[in-house]
Structures are given as C-alpha cells and as structure tokens.
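A.B. asks: The chain contents come next:
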Amino acid sequence: MFQIQVSTSINGDDTEFSCEADETLLDVLRDRLGMTGSKEGCGTGDCGACSVIVDGRLVCSCLMLGAEAQDREIETIEGMADGTELHPLQQKFLDHAALQCGVCTPGFLIAAKSLLERNDDPTEEEVRYWLAGNLCRCTGYDKIVRAVLDTAKDMRKPAKTTKAVAKKRVKA
Amino acid sequence: MQYHAPATIKDAVKLLASSKGSTQILAGGTDLLVRMRSGFSEPETIIDIKRIPPMCKIARDGKGFSIGAAVSSAEMSENAALAKAWPGVVESAALIGSTQVQGRATIAGNLCNASPAADSVPAMVAASAKALIRGPKGKRKVAVEKICKSPGKTILKKGELIEAILLPAKPARTGDAYLRFIPRTEMDIAVVGAGVCVTLDAKGVCTAARVSLGAVAPTVLLVASAAKALIGTRIDDAALDALAAACSAAARPIDDKRGTKEFRIHVAGVLARRAAIIARDRALGKS
Amino acid sequence: MNFQPGKDTLKRKFKTVGTRTPRPDGLDKITGRARFGADMTAPGMLWGLILRSPHAHARIKNIDTSKAEAVNGVHAIVTADDFGPCPDDVLDIRENIMAREKALYDGHAVAAVAATSRAAARQALKLIKVDYEVLPHVTDVDEAMKPSAPVINNKLFTKGLDKTPRKPSNVAERFEFGHGDVESGFKQADLVIEHTFKTEATHQGYIEPHACLASMGADGVGDIWCCTQGHFMVRQVCSALLGMDASALRVTASEIGGGFGGKTTVFIEPVALALSLKANRPVKVVMSRSEVLRASGPTSSTSIDVKIGMKKDGTITAGDATLRYQGGAFPGSAVPYGAMAAFACYDLKAVRAVGYDVIANRPKQAAYRAPGAPMAAYAVESVVDELCKELNLDPLDVRLKNASSDGSKASYGPNFDVIGLRATLEAAKAHPHYKARLGPNQGRGVACGFWFNFGGETSVSLNVSADGTIGLSVGTPDIGGSRASIGNMAAEELGISHDKVRCIIADTASLGYNDVTDGSRVTFASGLAAINAARDAIGKMCERAAGIWGIPVEAVTWEDGAARPSSPNAGKHEPLTLADIAAQAGATGGPISGHCEINAEGAGVSFATHMVDTEVDPDTGYVKILRYTVFQDAGKAVHPSYVEGQFQGGAVQGIGWALNEEYIYGKDGTLQNAGFLDYRIPVASDLPMIDAVIIEVPNPGHPYGVRGVGETSIVPPLAAISNSVSGAAGVRMTQLPMSPPKVLKALGRI
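Chains as they are written, first to last, in the numbering used here: chain U, 1 to 172; chain S, 1 to 287; chain E, 1 to 750.
Any given hint could turn out to be false.
[Unchecked claim] Derived SDA-like pairs: lysine to any residue, alpha-carbon spacing no greater than 25 Å straight-line:
no., chain 1, residue 1, chain 2, residue 2
1, S, Lys257, E, Lys126
2, S, Lys146, S, Gly135
3, S, Lys261, E, Lys126
4, E, Lys742, S, Ser248
5, S, Lys261, E, Glu574
6, E, Lys67, S, Arg37
7, E, Lys667, S, Lys50
8, S, Lys14, U, Thr123
9, S, Lys261, E, Ala436
10, S, Lys50, U, Gly56
11, E, Lys389, E, Ser465
12, S, Lys50, U, Leu149
13, E, Lys126, U, Thr15
14, E, Lys624, U, Arg57
15, E, Lys146, E, Leu135
16, E, Lys624, U, Leu149
17, E, Lys667, S, Gly135
18, S, Lys57, U, Leu149
19, S, Lys84, U, Glu117
20, E, Lys742, S, Arg274
21, S, Lys257, E, Ala436
22, S, Lys57, U, Gln3
Don't read these hints as lab results, they were simulated from the structure.
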C-alpha cells in the first residue's frame, strides 16, 4: 500500500505525516505522532474516548481517516491547556473530582469544550445530551455534569474572560 | 486501498465509473469506517466527496431545499431555514448516533447504507424527499422510499452516486415529525422509527399525509393505509387510533437483539400516533 | 508499632483525612499525559494480534500456521504448544489464555501473531488455518445443568455432594451456608412467597481495553507494562506459565482505565510474553472492544430461587435460596459469595443458601464489583419487597426490624462486628427523598446490600528524603483515587501537609508482594500499611531525635510533624521537625524509611441502602430513572469526593445491569452484541444526578475507622430498581435486564 502524505494543523502546530489509506486519524495521532491523549475505547464511534475537534466540529477521530485531515485544523486534548495554564474545564474537573480512572477524561474535556464554545449557558439536560456520546463507567456522570455546569457559570461571569477560552492560534 | 478526494462531481463520477474492484463513497464515514473495521467492508477504492464544494452546501430556492450529500447532520441543525421548514427531517438526522457522529454523518450516507433502521429515512420519506442521483449518463431524481431495495443494497447503478437530497418547498399548514424508540436515551439504533408529515386546510382538516415506518421491515415502509386514516379528519383521537392500528398492521418486523417482533409491532403504532400529534401541532402553528 | 484492632483506639480527630485534597495523578489525567496500558511503546516493538475461535464449542484438530509465517513482517506465531507444563493452580488460566484441545467459547484464543505492523499481523491471522470439529454447545445455566446437556469437560465431577457422582457433568461444585431450621421457620410465617429469578451475564465495561507491552530477553529476563489491578499477580501467573523465576519478570502497572474486578486476572499478558520470547523483540497486544466482550471475564448469568416467610408484623421467619451461576467454561464462579451475601442484611434464625457452580460455553468469568452479590440481592430483596407490599408494611421498617446488627450472626456464619446497616436505613427513612411525592406511572423502590471487604497481603515502603518530603511506594494499582487517600493517611499520621507526600505505585521489583486491588481492600489495607509504615518511620525518627538530644527514646514523642520531649523532665529541647531530622539523617545513622509488610485483617463490612424513583411508560415499557439516593457506610471517608464517586459509579453500573445490559447469545452460541452499540451501558442522558449520603460507622479494625466502599454500591441497585418498577407499574420483574420488551410483556400489552 502506498502511503499518503498529509499536511494539517494540530493544536496550532503545522504537522506533516504519512499514513496508509485505511488508517484512522486516531491511529495516526497515537501511533505515528505519539499523541496518546486521545484513547481508543471501542474503535467504532460508540464511546467518545477518541474525541477531537476538526475545523471547530466535535468528532470521533476513530471515524475519520488520517487522509481526511489534509488542510484541516485539529484540536486534541494535548492542546487544551495553554502551556501551564489549564482550561477552566480542566480545573473544574479536578475540583469536582469529575474523574476516577481518567481514561474517558480527555474525550469528555474535548466534548465539553466544544459544547461551551457554542452554548455558554446549557441546562443540565443539554449537557447530558451533548455528552451522551462519551461513555464513563466510573463516575456515573454526576460529577462530570456538575463540573461542566460550574465551568459554564464561571465563564459567563463578566470581565473574567480566560485566555484559554478565547484563544485563536495564528497560522504560520 | 486507494483514497481519492476529487474536487468536482464530474471527477467523482469518472472515478466511480472506472474503478476496478469494490468502491465506496466516503461522506461522513460513520458507517463506512465501522464496516471497514469489522471486516464487513474491504473497499479497494474510497472516494471522499467532502472536497466537492456543491456537495457540502445546503441550497434553497422556490422549489425547496437541496442538501448536498456531504452535508453533516450538525450542519443541517444549524441551518435555521431548513430546521424551521422541515423540523422532522432535521431532528431525525440529529438523532443519529452521538454529537460526535452528528458532526460527520450525512443523510445521503444514512440512506445509502440501507439499514432498515436508518433514522433519517422515514422522516425523508414522510417529507416526500427525493434523491438527486448523478451518474455517467447524467442526472436523475428518485423518491427516497425507492432507493433501498434490501438491507445493505440500493438501486444505484455502477458509477452513480447521490449528489443531494431534495426536499420540496413546504406547503402551507404542513408539519412533519420523526420519533424513534430506543432502549436508552441516545446512541442506540432505532428499534422502531416513525416519520409523519401532514398538511391541513384552513379549517384544520387533514388534506394530505404521509406516514413512514423504519426498522419494522427490510426497507422503509410508506404506509398508505395509515395516511388514509388521517386524511379528511382533524387528526383527533379516533383518527390517531386508526392510524396506530394501520401502522401496527403494516409492520412486518423481525426478532433480533434490539427488539422482539411483538414489541416492534406494538410500538410502531404508539410512535406513529405520537409523531402524528407533533406533526399536526406543527401544522397548526403550535409547537 | 503496627496498629492492633481492639487494642489501639481509633483516631477521631483529623487534619487531612476527610478533606477534599487535589489528587496526585489529576494533572496528568486532565492533560492526556497519563500513560495507560496502550500508551507505551518500545524500540523494535512488534504488534501482536490474537486469532479467536468463531465456534462456541469445537475440537481443534489441527492448526496450520505455515502460510501465516511466510507473511513479510511476521516474527513469531504462538499456539498452546508454546505453553508447557505449569503448576496446578494456573492450569485453567493456561487453557483460557490459549485453547488446547478444544475451543470452549466464541472468542477463545487459539493462536497469536507478532508482526512489524498491525496490517501484517491481520494478514497473517487470516492465513492461519484452523481445522475445527464443531461440537454441541450450551450457554444457558439451567440448560447446562440438565442431564441431557453436552458435557464440556469430561473430567469434571461435582464436588461438595454427599457422594461424588460417577458421571461427569457441567456442575463443578455445590456450596451450602446457613443455620437453623428453615422448614420450621416457614411454618411460623403468615405469608410465604417464592420466585425464580434469572439474570443475564454483564461485563464490567471498563472504557480501557486490556493492553500490554511485553519484552523478553534472550537471557530469560523480562518486563511487562500492562493495565492491571494486580501487577504482582501478573508476575506470578506469567512467570509460572512461561517457566520463569518470578524475580526474572518485572511488571509495571500502567495507569488503569477501569477494572471493577475484570482486570484481576490475565488474558493477553502471557501471550504477549510468549510472542516476545519467540520473536526476541518487544510485543504490544491491545484487545479490541469486541475481544474484550467476547474473551475477557464477564459476570455469571444466573438462575436463582428464593423463598422467604414473613409474619404479619414484618418479622422474617425463614429465608431459603438456591443459586445457580455459570462461570464460563471453567469452574470458579462467584456463587459461594452470592450464597453468603444473599441474606447478609438480615438477622435470621433460620436461613439457608445453596449454590451451584456450573460451567458453560462462555468466556471464563471474572469478578465484577462484589462478585456474586448483586444477583443474589436482586432475588432476595425482590421477595422481601413483595412480602411488604402484600402485607402492607413499610419496606424500610421491615428491614429495620430484621436488620443485621452489631454482634448478630451472619447468614454465612461469623458474628458481625460493629456495622452500619441500621444507620443507612435510618438515614434513608429520614431523607426528604422518602417523602417526595410520586406522580402517575411512578414508583419508589428500596433495597439493601452488603459486601465483605477484604484485607490481604500488602507491602508499603515510606521513604524520607533529605528535604523532609516523603516518597510513599505502594503496590496496589489505583483504580479509584486511592493514591490520594493513602498519601493523606500517611500525611495525617506523620503530621505533615499532604502535598509533602508523593504516593506512587511501585513495580514488582521495587516492593514486597501485594495482593491484587480487589475486595475494596486498597484504601483499607494499603492505607493501614501506610499508617503502620509511617509509625515505623516515626519510631526511627524519634530514635534519631533521642540521639541528637542525648535522652532515652522513651522520652521522645511525635506530635504535629515533629519529635518533641515527652515531658519537661526530658529536658528543654526545641522540637525537631521531620525536615530537621531528615536533613541530618546521613550524619545520624543513614537513610530513614518506614516499612510495613502484612496480611491485613480487620476489614470492616460495608452495608448500603439504595432508594430509587422510576417512571414506566405503559405504552413502550421504557423505564426512566427519576431520582436516586445512595446511603452507604464508609466507616471513615478519607477523601469524601472519591467515596461519593464510588457510590455513584456503582449505582450507575447497577442501573445499566438492571435495565439494559446483557450478553446476547445466538442459537449457534456466539455472542451477538460484542460492542458498545448493542451492549448498552448507561449514557449521561439516561440518568439524573446520583445523590450520595456517606454514613460513618467507624470500623474498629482500622486506625481511622476506614471501611472499603467500592463494591457494596453495586449490590442494591438491581433490586431497588425492580422494586421501584413494581411500584410504578404493578408488575414483578423476575428477569434482568428489565428491557422495554420485557416490561411491556409483563404489563400484558404484548
């Protein structure tokens, strides 16, 4: 099989890789780029542990071919914090003990980030339905939902726009 | 495996017509990649249509809406005019999978995957949607209910692909709705799906109706007897009872790991009734 | 120096324990930096894939690997022939990880390949020719017990009967527990109700599939990186299976993405090691989700008869249960635990529980959070609920009336020590949830549950750095946040700030033996050992202080993180903080460490009461969970957030088990729903918030009163939900899961 050359942008960094035609974006992230933050829980789009954001859209990276990443902008968990400054969601997950084993956490954080970028005042029900594609077996979702709602509340407070939320990466 | 991302529909058709071995169209990939992973599909060629600009657009004119085959469910939900005109169709697409899946899945792909339980298909059928097919010989339009011939198989010929799904301009006092039954609240394949579209006259009497059921037969059902039960009525309880009975009678489901025969037959009637109420209320301008 | 239950008093005033400190592994997990089982690589690494039987039961006549070996990139292929003689106690595991004469279940491993890419490995797997002779199979527990059932193992003769049978069968063993005269007890009852219940197998459903990276050298020394609940167990079993010395194999536990008991054994690790040995290169094996469901360790499916007699005043006069559990193709289901736990919440004069351990053509079961108990509790609590409804008695009052209490004789034999069941029932009764109004088609159910909790072999090493900070090495993988709690207990004991203690999970070469993380034992046992190790270190630091001050060591006491003279008679000496002493360690005798190696005893049992409101859609049979409250005794909640988390997680797993999760087998004995699409675990939109009420009745067996909490929380939900549905819809669901078709059928609508 000939390998395909792909150039894309991941967390603001220009990135080149080559991959087989049938490799998924998740395979590429984990096995070719060493970015193991996105996890494979099922490989069939049923668990959300591989969630990434592509051109602003929340998707499962296991349901996307690596080849499809050409010229896209991809955001993964590795880029969620701004250096050492955590995204508010990350901090709230810690504060609320919204993780136990932590394997589903990257997927949830990316998914919740995507939600709050679109809706800064979701109801509990909206949070739960948005996150229905992210499976957690440890927490029963209670503390996760609380963390997301609490983050939204904080983010709505005036004059407290955190850098991490509004960040836009400059393309080289 | 070869991967192609043509920039025009013409190129896509050319590739499709000339490719040797099994060829698959890649739109959202939410069915195809799953089938590839399980070994169910081993395409030698994949044609990604997402780099073809017209395929990625929702267009609107006097004749209705044209939803490009690469338009995702999420994009459909974000199109205010479409969501207002055909909420049943938009909601049905918004039920497919999860938020992540909706970010990629397309209704054209949902249709071509030809699963008996496809969520967007009964809603499309109820809304009188047509598939705009492009092939080596040119274009043709086919009613959505005629596209699937059996589970996993469509009537598309070699070299043909769906370019867009066409929805008619919505007549006045028309409402559509789609409901499905699943054991959880999200994520499941429909155990039963019911799409209803009704048009009322100025007095609130139903003058036209289409009732479609999914997951209760090898392909989607357009239940004429159920529509008949609504036409000429105000879609009151008696009409709804008749509708439910007609749907249960028309359903010919199987027992499988997602539901039993009896359950599907019963729930087909329950859901059709509930969907008809929503469609009626939408037609009446209530919501 | 070590804590002695009964002799040492429990500490009651805490500075760190009981507070919600940040967890040490938190930053890594929210940034994606934490390394789980599949996140490790090694130079020269090969990918390993496993070929699995498509048949539920088949004789393996021949395996031809010649074409597969010729695939470019393939460096090793292993089959059962690569696993030689081994000790008796791992014979079943050896057969489970790689089929020998027969494939015993759909998914049973028959061969494995290591190659330079997954694509090459996949291609090679396709070219391995296995010649199967398909045999009749049986997957249902009741069918497997029939005399007409195909016998899976013709050397299996039922143990535990008065007379060993002459013919082999699928019944491995019979167990019996109880005391008193049940027949006479039933005669005293005003009402006797009996039912048969059936539950289907479920899976722990951890989001992280099994994954490992094994590396064997030509010198017979090896390393394994894997996600596991017990890396010492992995070392023990893998070295035994490969004929290695235990010390030649070092196992490092990665972060683990869920276990719940399913990772307390091995599936792919010995295979990866054997591939690595043959290929002379590191080999990474990761299970797909489908493999996890088909070929790791789900729970038993069960068939349970329960008969209970009650007087009009609510006194239970007798309880009798027969439990039939199939544990997959090998003996060892959790039926003895189920039989022991079935009536544990009740103080009964006459009680009997008989259990049958049965084999079937299914994967070998593994523990799932309180193994055996949820099904037993479902059956018993359902019958108690029905008796209450028939006799028009309040279900909490009846349970209070008959509740096990301090000193009462458990249904499984011993006398309970100090326990918290009553406290959970009283809290439930007083809670606003119990009085909340219910609407149409809504019902409320309550149920109680119990788990034994274990102690077990535990080794901890506490090392004092020159700057006075503490490195705490434990050997029990952290599956729920235990590092935070254990570190906090050490900090509490030493009297220093929690952020001066770093708790890590050390590898098998760096620490004494540790039993697996199971039995809700880690916070209790590793915590107890950490406290003892801290005391050991404190003793040594007091000796150093005594030396520095020139006073006898008996005159030195430790308080608030410093050595102090114990009385004015000892002289005027400024306190020496831990940091002060640490700085002088080299000059006063050398490095300072504290140790504890114990077989921890004194684990306290944990009881719970769950309360749930449901709404049943009478037209579709859909059950909606409206409100859920957990009342559970934690003894002492070291880190309340993680205790709540255990309550909530266990309750939600129980919700899934009650409503939608089940193993679905086809007529051909193959698993039909080997994925998260059709193996339906709860999603966020299915659920409300889960209220967690922590009850604290301190366990006299632990210095801080800690009880394990991880398992009890999955025991009551099945019954609580069934009882709630009974209240909402007026039907008694005797089969799990209570999926909509079953509910609708019970309602008579189809």
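A.B. asks: Confirm or reject each hint.
C.D. replies: Consistency of the hints with the structure:
1. S/Lys257 to E/Lys126: Measuring from Cα to Cα gives roughly 28 Å; hence the hint is violated.
2. S/Lys146 to S/Gly135: holds, 17 Å
3. S/Lys261 to E/Lys126: Violated - the C-alpha atoms of E/Lys126 and S/Lys261 are around 37 Å apart, more than 25 Å.
4. E/Lys742 to S/Ser248: Holds, because 19 Å separates the two Cα atoms, which is no more than 25 Å.
5. S/Lys261 to E/Glu574: Given that 25 Å is the threshold and the Cα spacing comes to 83 Å, the pair is violated.
6. E/Lys67 to S/Arg37: At roughly 23 Å apart (the allowed maximum being 25 Å), S/Arg37 and E/Lys67 satisfy the hint.
7. E/Lys667 to S/Lys50: violated, 42 Å
8. S/Lys14 to U/Thr123: Violated: S/Lys14 and U/Thr123 sit about 49 Å apart, past 25 Å.
9. S/Lys261 to E/Ala436: Roughly 38 Å between the alpha carbons, so the hint for S/Lys261 and E/Ala436 is violated.
10. S/Lys50 to U/Gly56: holds, 16 Å
11. E/Lys389 to E/Ser465: violated, 63 Å
12. S/Lys50 to U/Leu149: With a Cα-Cα distance of about 35 Å, the restraint between S/Lys50 and U/Leu149 is violated, given a limit of 25 Å.
13. E/Lys126 to U/Thr15: violated, 35 Å
14. E/Lys624 to U/Arg57: violated, 31 Å
15. E/Lys146 to E/Leu135: holds, 17 Å
16. E/Lys624 to U/Leu149: Cα-Cα ~23 Å, so holds.
17. E/Lys667 to S/Gly135: Distance of about 43 Å is beyond 25 Å: violated.
18. S/Lys57 to U/Leu149: Violated, at roughly 34 Å.
19. S/Lys84 to U/Glu117: This hinted pair holds, its Cα atoms lying about 23 Å apart.
20. E/Lys742 to S/Arg274: Within the cut-off at roughly 22 Å; holds.
21. S/Lys257 to E/Ala436: Given pair S/Lys257, E/Ala436 is violated - Cα atoms ~37 Å apart, limit 25 Å.
22. S/Lys57 to U/Gln3: Distance ~31 Å between S/Lys57 and U/Gln3 Cα, so the pair is violated.
Taken one by one, the earlier hints fail for this structure at numbers 1, 3, 5, 7, 8, 9, 11, 12, 13, 14, 17, 18, 21 and 22, listed in ascending order.
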